[in-house]
Structures are given as structure tokens and as C-alpha cells.
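Trainee: Got chain A; can you put chains B, C, D and E on it based on the hints?
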Amino acid sequence: MEDLYSRLMQDVRFEEGLKACMNCGICTAICPAAEYYHYDPRRIVDLVQTRNNNIIKELLKSETIWYCGQCMSCKTRCPRGNTPGMVIMALRKLSQELGYFTSSEKGRQQFAIKRTVGDNVLKHGYCIVSYDVDPEVHPEQGPAWEHYYNHLDASLARLGGELNGSEGPTRLIPGEVLDELKRIFEVTGGHDLYDAIEDASEKKAEEMGMEFKKEGRDFEYYRHVVSADSGCHQCEPEDVRREVYETRR
Amino acid sequence: MNSDLFVIPFNLGLYFILIYSVVRSVAWFRSLSRPDKLRLQRGFFGRPFMDSLREIFMESLLHRKIFRKNPVLGYMHMSLAFGWFLLIVFGTIEADFFGEKHLNPPSHAIFFRWFNPEHGAEGLARIYNVWMDFLLAFILSGLLLAVIKRFTPRMMGMKKTTRHTWTDRLALTSLWLIFPSRLLAESFTCGAHGSGSFLTGNLGSALASFLPAAEIAPWFWWLYSISLGTFFFMLPISRYFHIPVELFLIFMRNSGITTGDRHSSYTEVQTHACSSCGVCISVCQMSYAAGINDIQSAYFIKGLRNDRDISAITANCLMCGRCEEVCPVGIELGPMRLIERRQGERADRTLSLPERYSVMRKRSVTEKVPTQSYGYLVREEPEKAEVLFFAGCMTHLTPSVIAAMKRIMESAGVKYRFMDEKGGVCCGRPLMLAGRDREARELINHNSDIIWKSGAKILVTSCPICYKVFRESYYLEATVMHHSEFINLLIEEGSLRLGYLHRKVVYHDPCELGRGSGIYEEPRAVISYVAELLEASQERSMSLCCGGSLGNLTLASGKKAMIAADAARILTMSSPDELITACPLCKKTFVQATKTKVSDIAELVAAALPAPSKRVARRRSARATVRANDAG
Amino acid sequence: MKPEGKKRIWAEYQKEIPDDHFFYVRSCIRQTFFAGSEQYFLKILREDLGKDVYEDPRHTTCTGIGYHGDVVPFETIQTVVARHFALATEAGYRHIAISCVTSFGIYSEILETWKHFPETLERTREDLYKATGRTFEVPETISHTSDIIYKFREEIARKAKYNLVDAATGKPLKVVEHIGCHYSKMFPKYGVGGAEFPHVLVGMVESWGGDIIDYPERRHCCGFGFRQYLVQANRGYSLFASRKKFESMEPYRPDMIIANCPGCTMFMDRWQYTIKEIDGITYGAEGHGIPVLTYEEVAGLVLGYDPWELGLQYHNVQSLPLLRKMGIKADPERRFLDRDGSRLPEPANLIDG
Amino acid sequence: MMSATGANKFGFAINRSRMIDYDSSDRKVREYITSREPSFRLCFACGGCTATCTAGQHTSFNLRRMNTYIRRGEIEPLREEVTRCMLCGKCLLVCPRGVNTRNVVAVAAEAIRKLERNEL
Amino acid sequence: MKTVPKHVLVAGGGVAGMEAAGALAEMGYRVTLVEKGDDPGGHLLQWHALFPDRRPADEVRSYLRKRAGHHNINIITRTTVEKVRHHPGGVRVILSGGTEEEADAVIVATGFDLFDAHRKEEYGYGIYDNVITSVDLEAMFNRGRLEKADGTVPSRIGLIHCVGSRDEKVNNNHCSKVCCVTAVKQAIEIRQMLPSCEVFCFYMDMRMYGPYYEELYRESQEVHNVNFIRGKVSEASVNINNRLVIKVEDTLAGRPLKMELDIMVLMVGMEMAESGAKLAEASGFRQGINRFLESGDHHYGNNLSGIKGVFYAGTCTAPMNITDTISHARAAVAETVRYLKA
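Residue numbers (this note's numbering), protein chains in the order written: chain A, 1 to 249; chain B, 250 to 881; chain C, 882 to 1234; chain D, 1235 to 1354; chain E, 1355 to 1696.
In short, the hints are calculated from the structure, not lab data.
From a predicted model like this one, the values you see are computed outputs, not experimental measurements.
Any given hint might turn out to be false.
What the hints assert, rightly or not - Taking CB as the label site, the calculated pair distances span:
#1 Tyr131(A) x Val1019(C): 33 to 39 Å
#2 Asp192(A) x Asp698(B): 50 to 56 Å
#3 Arg223(A) x Lys1262(D): 43 to 49 Å
#4 Asp1392(E) x Ala1049(C): 42 to 48 Å
#5 Lys888(C) x Lys1632(E): 23 to 29 Å
#6 Arg1645(E) x Glu1003(C): 33 to 39 Å
#7 Lys888(C) x Arg1432(E): 55 to 61 Å
#8 Val1019(C) x Arg1645(E): 28 to 34 Å
For glycine and all other residues, C-beta sits at the position ideal for the given N, C-alpha and C.
If we strip away everything but chain A, and leave its shape as in the complex, we get (with noise of 0.2 Å):
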């Protein structure tokens, strides 16, 4: 197997994000994950620190790398200037890369955010677009919303723009704008990125034998990657525990 750690430090957000660790703790003291998931920033800058094959491995295919919010208050702190998150987006990307993200439950809902976000990037030029938010499927967003969403060329009338406009906000992005982006994105390895979630997510789709389809969100992968809670995610699982304890013996 290649070196994953040598892999991870061709990462410059790895190289920047982790030099040494002392196990001080204060990234996870003030981490909303730490305290939401169970989820130790700490412990993982010490796993990679180990520079372990397996133990790398075992991360990029666990769950716990997928717990960060990525508020980056981590890097504040530290008292050896290292950033827990910024080695996590690392990870994310090698996992994404190697197509072990979807060995959990939680790295195989990177395929839903690839299909919304990323696929709103290159179809709209942005991440998120108000007609793409639909408050059926966004029940959170409210009222407010509802009726904003409802009467979408009203509201941002009143508020002085003009949905897809010339200019303003939610302005149309224009066809060759959209073109610049997508050569951007072949350049610099986007499109290859979303080419390894796309494939692995079918491989896992045929695996778990559910419905996929190569576009949109309308099928049971999807919507199974979206909402799937096995609801164990607060604490240890004993298997996880016992590979890491073997590894290291």
C-alpha cells in the first residue's frame, strides 16, 4: 500500500495544518463537534501523527473525520501552531480520493453535497441559489422563507434586485462565465474530485443494491445518503477501538 502520510503531506493545508501535537487538548476543548459527536480533534492529529498506514487508513474510512464543522477555532489556539481542521480537510480529500468515504455513514453524504453544492458551482456559478432551496425540503428554513421562496420575484423586487438578472443580487451568471469556471475546474483536479465521489458513490449504491441515477436527486441513494441516521455517532464504536488498539500492538 503507498505511504498515505507522505499522500497526506502533498497536501500544503496538512504540511501547514500539523507539525507536532502535545496532546494539550485546547483545540477540543472549544470544538462544537467535540461536544456534539464523538469526536476528538486531538486524538486524530495524534493518530496521523503516528504516520501508521493503517491507522490512516482506518481514519479515512471512519466516521469520526466527518464530525468537523470546519469553524476553524482550532487553529486560534493551538499552542504548537497547528490546525486539526485543516489536516481533517486533508484527510476528507484523500478519502474522497481513494474512495473510502463511503465505508461510513457519515463520508457517503458526500455525494448529496456534491450533487447540491457542487453541481449548483458549475450549473449556476454559485453554491447556493434561493430556487434551489426549497422549503419542502427545507422545512428548517420557516415561514419567512416559505413566503420569501413563494413569491421569489416579488421579495427581491422589494429588496432591489432581480432574480436573474443582468446584475444585482442572484444575478444570471452568464453561459461563458460558467465556461471559465468549468476550465478551472478540469485544470485544477475539481472535476476529478467530483469524477471519485460520483463513481464510488455508485460503486456503493450497486453494493447496498439502491437505486442511482447519474443526475439529480431523485432517487433512493440519494435520498438514503441525505437521511440516514444510525444514531450512533456519540460514542465509541467498540470495533473501531479494538482495530486502532491491534494496529498499534
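Mentor: Frame of chain A, contents of chains B, C, D and E only:
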């Protein structure tokens, strides 16, 4: 003063205690389990009855065991018990023989002198009087010792004595008053009438010379009677209840009843049979080596009897078994403590005495703590093997013992499988020692399953703790052997070629192996085969505990070290080259406590193995690897 | 609490915020959910303050949500941002004004990366050229739009029609500030006042007459968490974090929350509705909820703009009690209007007093 | 502070806080254990016990962590942990501070039972 | 002919400077002791009791005062040494104010500065009323009153280790060595003064390197029931009851922890003294990456400056406790005497 009225306190007391004893005995009998009832019924018409009578005579009257341990203490007990017994027997004979009529009520014999003040002036009666005075003097000498023991226990060779409750004190006071008041009552009576022998006669005439003896005498007869009556009334609620109960206990024991694993009338009888003699205190290492003087068996039994919260006492015991070894009454102190550990703390202190016992008997064994859960254990499929070696948790902390056993077994060509090579499951004994049998059973089942599936004929363990539980609580087809037994077997079979080590060694009997399982000779045979075995001052059944015992749940590490240091000091008095033990826990404990080299018996034997030539060694290690791979 | 201690820290983090000539980049979230804020930012700067703010219609998302949602590689986002720099370079602008805090964080991260790893800058130049034929110069400054409002806060105060005070009693309003995590937690020197006691919103609020509340969870994240909100199953995380903040600020009875990050504004508003639906709890005095406003909206109110033109009605927590308190006369009837000015049916279930 | 809520109409569940809130934690168990086994105070969390633990080879039982939970008044995770120990006593022999580790487990179990019976 | 005694100038009147001056004076050298403060004594002046035996600091102070009171010593206060320069005739010393002194040798004992706790912004020193430093706490011990800013009695105090030490964020990667044991000492003192007050130490490693330090640590747990939580405190804030709320990871539980405190004590570490750094820059002394003076050889020449006639003593070279500082000063004296006699 109506002179005969003073017998009333005595009579009331006597009939009370007689009726009480009968009622209580019937109650005990009725609450026995069916098999125990049968045992008792069979015993009543068989040998056990005769054995019991013999034992009662030897132990309850002569106090032979205490005599052996401590002659002064033995004499004290004997003079009081046997002396009083003789006084009653010969008093009754005297009353029947010399009195006005035969077959008198008991009071007539007890107060014989009052009713026959002139008796014994001449002839046979005169000689008989000498004998009766002698008996009284005999008792009084014991009483004197008891008083001395009470105030200066050290003079009796005892470090501590038990503390008394107020009922005990009242009973003791009345007991102590019985014989001096009898002496004075008889003496005044004799003084007034010019009768009596060397004791009562002389004392009586001396007293009469300056006191109005005839007027004073009744007062002392009253005191005598009240003392006796009080003593009888106090008997059931004081420690002196042991006097009648012990008889019952001896009979029950001889009928084959044992303590078992929960409270029963047998434990109740044992509880009452303790005389608080304190022998257990003086042999307790916790007392003399660690300065802990409130947890010994006498206190434990007393707490049980008085239904105090004794959870702290119950837990704080090495369970080494030395006290049980010396208990003159033969109370099964270890099992009694384990029962209490199973019970946890005692919450029912508001109940009356009989209620309490019935509750104790019914209390479930498993309600104590959150249920242990070993659901995480995965069933294993072991490979088949003739001999299964189980090192045990503790032995994993002494890898040199494991290495030695491997060498020995390989050298003898034993085809074995190492059951817990990669870390096994605890044998369950430590849980049992903590009073958690149900949980222990889970582990026992797990291990039993592996042992059965392996098809082993012999199960060898290096740890006496495991050994004891394998033998007593596992249902196995395999013969369980401690490695000292197994090595002895290999030597006897001739499959081990051993050199002789020119070393002087002393052997320490681990509690669980020696007193716990009765294995004394095999280790000695093995050691004598390879080295010179020196004697230790305390060995075999009186071997010392190393202090590291898992039996004690609460003992602080510093105190353990004190016990270990003391035991090691005694063991190494003969300046041996090496201190040999047969328990990894003892080894680890002693290593910290002495500068003398401490080895396990397996290590000693391994050292006596011929050094393998290089070629052989290579072959051996190759074989070992293959075996290890097979095992893995 | 010793205020001089904070002043001492603020003095140490005075970043350079240019005076004029900004190249404006929009925020996906702000333009979608708080379009009025962006419009009024431009209006205030251009009309009230007379500044030159240039917006190139060809600029796009920075892809920041995709980046922090881990579907967009770092190389890609660097190049997308570089394209914006190219547009600015082409238009002759050297100061970037960024509406979004996520974008602002990304711009800071990219600039820092280029500084520490110059090879990444070179690679980005190559990538951009290869993909679009564009070239760029690294801008002189980047400012978050809240930095710019902060810079002109006193000028706004001078033009103020309303202040952040209780019109009836004259007492300052109690305001909770919430700074987007990516504003200065990653690079404290990029934020006004640093990471621990940022001054950017405090300065505005104090200049406009309000009082800032320092409550225990002041620094805690709103809980967006990118993938944590984007994926339905994970939204508990997001709500949990906001709720932690509400419960921490609740004892201080705040009149409003002011935030500089569009995401935070949205979540802290939306989750108040969700919590009410799930647990039946409404925060704020008399169960009115705690209005969550963008700094542009607050500046707009202070300058006397129509709250409904600013878009306050598109928050789940309506600001009517707050407006009343400030003495702003706003007709609740005119909140929800169609293009022709006719009234639309009011949404049910809004949190309003 | 926060209660766990099952999946709701919004399609997601909310977890409990994992943060140890020392001010709202229950220190009765800690006090009970410290009074019954004073050596408990001496633990300096070296982890020797956990490293040698027989039960720990089969499950996630971690005495060192359990001690920490006790000190912080976190009873929930303790409830399950305490049932996993086999009381074999190896930990006693490796503890460099002479903590009576085995009794800590025994007393902890006792404390939890008492807590359930409202006897603490 | 009677020889004129040689003249040594000691820069800095702290523990090292006073000990060095005293030792030289006793041997008959003429010594000038230059102290920047009003009185010699250095940081020791602020201390109430010393670790590990909690003896009164005054005992050591009076020893040093006696030592520096020798008639061969001329003490110049409110003065700093700005620059030293070796020349064939000896060492030229420029003092603040521009006066020059000529000496045969110079011992640099400029000591350390305490870390300025304001720099750890997230702890709110100078902002929150009840955030104090270990020095402030020592002052409270001196006054014999331990109370919150509002005069009430604290019921829980937290001591935060490694404030300004081992922290890249404040540019100090080094360990200040003495803070751990100081925290343990102060924790015990708090417990003795206010037995009902809970005390927590928040540490990353307990660096009990000196004799009886570990024993003191054990005593603090066993006898005084001081609590230890392994984790670096991330931030502090104040709640509505004006109690501090701190956040830390209990790394041994692997979970974040929140706790209210009445007083938070920051165990401030040691940094190279500002004045020493200026002197070093002007005189061409080498400074290490931790900014302390770098000696000729770390193992066997750690009093040597590399400049003839100039020697180092005490904490200007590295953080040290008093014992080591005094030893180091004596070693500097030995090196100086060897140089002067050569």
C-alpha cells in the same frame, strides 16, 4: 430472712436456659435444609454422636486445641469449663450420696453446703470435701488467670483480646462472681458451723473469728444464686451462649453439615459458638504485622452476632485461612466471610433477632451490585491438546515463570497448548473472593467451554488462585494440576532430566495452594529433587500470607508491604540463597519485600535443566515456533 | 469587567481598511437570504458615504461552501479566487470588499498560503492562465464589508436618524454580537480587534449608542458546520450549537443579535423558529424571540431606511418590538407586498411580538 | 442543559451534549468512593492499569478513564464501565501510586447501586 | 607592595547577581552590583513562600541581603547596564545615563521577565476581574487575604499551567520549569487557607523535576485533595453571576469540559528580560531561539559568554529555580576567578 428463697434466682435462670435451649435447638433444626436434617437425624443414631461426645469432652471441656497453642490459655479455659463440669457432677453425686434423699432438684446440689452445713466432718465425707474444695480452687485459679488476661492480655501470650458489649460485660461479671461468691458463701457457712475442708474450712474459721459468719453467710448464698441466675439469663444474648451452642455445633459438624454459600442455621450456630477466645486475633498477620486490630474473625463473628454493619470488616481480610486453622471451635471462618461478602452491606438492622436470621437466610446472593456483564467475550474454538497450560492473569505479570514453564514442558516433551498465551479470561476466583459468584460463573463458563472443547486430559496452571477455583468450582473432565504437582509428576515419570543446584532454599506455601488446596508435599518433593530445602519456622498449614492477597479488597498498599516484609523476614531467617514460592502473586509481593532472591518453583526447576547445546536449542526453538504457530 | 483591558487588545489589532475604491464580491448566502443587506451596503457606501464600489457582473461564487463541504479542492478554489483578482486587476482595483465571511476566510487563507508557500501562487497563476487566459495581481488589501462599515461607523453615527437606544427610556439597547468564525479565528490579524475580542461589530454598536453584552458563549460557532447543515441528517449539530448560544445569552435579555456573517445570521434566525417548533421554547423578552440582524440592516435602520426595504420581514424572528423600542415607525401592514404594492397574505408561524 | 430529541419533522435528531459540565455534574459518587477508598485520590492517570487489564484485552474497559469520569462526576459512562471489570487484580500490581484500583471498581459499583436506591 | 583588588561588575541584582557579588566580595574582590530596580532582590521580592518546602521567601531574601551587604560591594540601583565591551585592559561598561565603568570582569545576571499575561487574550487578564497571575496570588498570600475582586470568599479556584510557556502563539516554545511546582505549592496554600475552596490545576505535563517536587505533587493529591485536569484551558469568559467560565478538554476522558471558577490564576512563565535582551543586542551576545543568552557550551561552559571577561549567571541563560540559580551564580564566580587569576 427466709433462707430457702434465695434459690429462686438460680432456679428461674436454670429453667429459663433449659427451655430456651430446647426451643432454640428445635428452631435451628427446623430451619435446616432437608439434606442437612437427614444428616442430623442419621448422625444422632450413628458414629457421629459418639464422635461428638468425644470431641465435646476433648475440646469443650479440656480445650485441647487451645492447650496446644497456648498452655496457659488452655489451662484457663480447661479449669473453668472442666472444673465447673466436675463441680456439677461431683456436687450432684455429693447431694445424692450424702444428702437427706436421693434424686434432688439441681438447686439442692448447687447449694448443698447451705442445706447441709454440718456435712463433711468425718469419714468419707471429709475426704470428699477435700476433693470438692480442690475443684473449687481449680476453678478459682482459672478465674484468676481470666482476670489477669482481661486486664493484661500480654501476660497470656495474647496481643489483643476482643472488646465486650454491655451484655457481655454483665454476663462476665455474673460469671466471675459465681465462684468467689460460692467460696465465700460456703466459707461463712462452714465458719459458722466449724465444717469445711482446706479451702472453705480454713477460710471460714478465719472469717468467723472476727465476723458474725452465720449472719453474713445468707447474703453470699443470695449473691451466688443471683450470679448464677443472671448468668443463665444473660447467656443467650452474650458471648457465653457459645458454651451450650458449641455442643450443638460439634454434633452438626460431625453429622456432615458444612457452611455452604449462604446463611443457614449452621452459620447461625457457628456465629453463636464463637467464644471470642481471641486465638484468631493473635495469629492474624493483619494484626501483628500491619497493626490492624479491628477486623479479625472474632470481631467479624461478633459483628455478625450483634448485627452490626460489618461490611468494612468483611472486606478487609486477607482470606489466608490462618485463623480458621487455629479456631478451637472449628468455625468455618473463610466461607462465613464469603457469605457476608455476597450479601453486601446489611440493611435490615431494625429487625428482631429471629427475623433477622430468617431474612439473612432468604436474601438473594446476587442482589448486591450492578450485574457484571461479560457479554463482550467471544467464544473461542481451541485446538485439541493433551495438556492445556493456563498461566493466569497474575502469571502474565511474571513472564519469567511462563518462560520457565515453557522450557520445562518442552524439555519433557509435553505436547501442550498455551490457553491464555494472548491474554485469557480471568479464572473467576477473584470475583468469588469479592463475593460475586454469579459473575464469576460467567467467566467460569467461558473458560470451561474452552477447556472442554480442547479435549485436554490435564489442565496445568501456574497460579494457585486459578488452581483452587479450577478444582472446586469448575466441572471439568481434565485433571487440574498446579505446576508444582505437574512438575513433580514429570519428575516421577522420569521425563525430566534435572541437575542438582547447590543452593539452599526455603519454600513458602501460598495460601491458596497450601491451606486452600492442601498441596504441601509435591512442591517440597520437587524442590528437594533439585536443591537443599531448609525449614521455615512457619510453614505448611501455618504458613504466612505474603500480604498481596486478592482476598483483601480494601487493604492499603503500605499495609500490604508491612505484612510482606514481616513474612519475608520470618521466611528468610535461615538465610537461604533463595526464597521459593509457587504463586506469581506471592513472588511479585515478596520481590518488593526482601533482598533475598525470590523465585517461582518453576524457575528453580528450569534452572536445573541441562543447558541445551546450541544445535538442540535451535531445533527446540524451531519446534516451539511451529507449536506457537499451531496454537495461534 | 475592566473595559480598558479590551481597548488595549483592540489597539493591537488595527488592520488596514482602505478609504475608497472597492472591488465588491457578493456572497451566495447573503444575496439569497438577505438580498436587502447587500443592496443597502452598496447604497450606503455609494450614496451616504460617496464611495466608489465596483461590482463586476462576471464574478461568481468563490466556491467556499463547496470547499468547506470538501467537494472542491484547494487548488480549484485558489484559481476561482484568482479569477476574481484577475477581474479586479483588469478593472484597476486593488482593494477587495468581501460580503461573505466564508469567502473572507478563504481569501485570507489563500493569501496566507501564497505567502508561506510561494509555489502555490505560481501554480495558481499557471492554472488560471491555462483555464481562462487571465492573469492577476495579488490585491493590496482585502476587507470584509463589515470592516468597511466599521471604518465609517462614526460617519454613519453622525448621519444617524435613530440610535440603538430605547427611545422611551434613553437606555442603550443590549446587543449581542456574533462574529463569523472565519472572520478572524483563522488569522487574527485579518480581523478588526483580533480573534478573542473582535471590535468590528462592538465598534459599530457602541458608536450607534448600543451596549454590547459579553456572554460566556460569545465566541462559539453558530453551528453552520457546512456539511453539518447541508446534509439533512446532520442538522442537529447545527441547531445544537445555536441553541447553546441562545441559552448562554438568554439571562442577559438581549434586544437583538448583530452578526457579520450571512450564514450565522440565517442560522441563528432559522433555529429560533425550529426550536420553537420542536421544544416550544421562544427566547427573548416576553417570548418575542431575539431578532438577528446583519450589520448592514442595523446600519440601514440607524440611517433611517425603511425596515421592509431592508428586508427585516424575511427573518423568522420579526423585529417589530425592537423597532418600537428604537422609536422607528414601521407599518407592519406593509411588510409583505407584491410587485404592484398590493398586500400578500402574511405567513403564519412567524415569531413576532 | 440540552436534552436529546429523537428525529423530528425536520428530519434530523439532536444528540445530548458530550461536554462535561462540572457544575451540573453529580459528585456524590466521587465523594463516596474517596471516603471508602482514599487511595483513589492518588491516581495520576498513568494508564498502567489499563495497559495490563485482563478485561481491557476484550473490551473497551478503561480503568484510567473510569477514574477520570468518577472525578468529574460523570456517572452515565461509569454505569456500564464498572460492570466490565473481572476484578482480577492485575492493575493493583502495576499501579505506581499504590492506588487500590480493584477496590475502586468494587466501591464504584456499590456507589452506583446506592445512587439508584437514593442512598447516597 | 599591596596589590589593588580586582574589580568585577555584576549586571543585575536578583538572586544570581546577589549571590555572585557576595561570593566575589568574600574572596576579596571589589564588586559593583548594578540593579535596575529600587532595591536588589529581583523577583524574589514578590514571593511569599517557596517550593517545595513552603519556607518563607524572607529567609532566602535575608540570606541574599546579607550576602550583598558585604563591604566590598558597591550597589548602584535604578541603573541598567546598557553595553559591555572587552578591551585589552579589561571590560568597559556603559550604564544607563551614559556613565562608564571600567571593570576587570563582568557577570551578566540580568535575569528574566515574567510573561505578560495580557498577551494570552483568551484568558482575559486585565479584562475579567478575577483573572490573576501567580504573582498576584503570591501578593494575596503576603496580605494574608485570599478573596475575589468584590471581597467575597472564593469557593473554587483554577490554576492554569503553561501560561506564556510552551506556546507558539506567544512566541515561547520553551518550558519555564518552575510553574508546575509553583502551581502545586500555591494550590496547597490555597487549600490550607480556605479548606472549603476547591482547587483545580489545569496542566499539560506535570514537570516535577526537582528534589521533593514529585513528593509535593503527591502530597497535594493525597493530603490536600487538589484536583488535576490534564488539558490546556482554551478560553475563559464571564457569566451573568460574574463567575468565570472556562473551557478545556479533559484529555484523560477525551471530552470537552466546562467549569465555573471564582478565581483563575495564570501560572506565568519566564521570558528573557527586556533589559538583558537590549544589553545582549548592544554587546553582541548570542541569543538562542528561546531568546535567552546562549552560552559558550551548553554542557560544560554555560557560564561563558564567548567574550573575554564576560560571564553569565542565572536565568538570563534559561529558566531556573532558586537552587539552580544560586549554583549557577557560584559557577560563574568560579569561572570569573579563574579568568582573573590567569
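Trainee: Now look at each hint and say whether the structure bears it out.
Mentor: Here's how the hints hold up against the structure:
For Tyr131(A) and Val1019(C), the Cβ-Cβ distance of about 35 Å falls inside the hinted range of 33 to 39 Å, so the restraint holds. Restraint check, Asp192(A) to Asp698(B): a C-beta distance of roughly 54 Å satisfies the suggested window 50 to 56 Å. Restraint check, Arg223(A) to Lys1262(D): a C-beta distance of roughly 47 Å satisfies the suggested window 43 to 49 Å. In this structure the hint that Asp1392(E) and Ala1049(C) lie 42 to 48 Å apart at CB is violated, the actual value being about 57 Å.
In this structure the supplied range 23 to 29 Å holds for Lys888(C) paired with Lys1632(E), their Cβ-Cβ distance being about 28 Å. The beta-carbon spacing between Arg1645(E) and Glu1003(C), approximately 35 Å, falls within the hinted interval of 33 to 39 Å. One distance hint, 55 to 61 Å for the beta-carbon pair Lys888(C) and Arg1432(E), is violated here, with the actual separation near 31 Å. Between Val1019(C) and Arg1645(E) the beta carbons are some 33 Å apart, a value that agrees with the proposed interval 28 to 34 Å.
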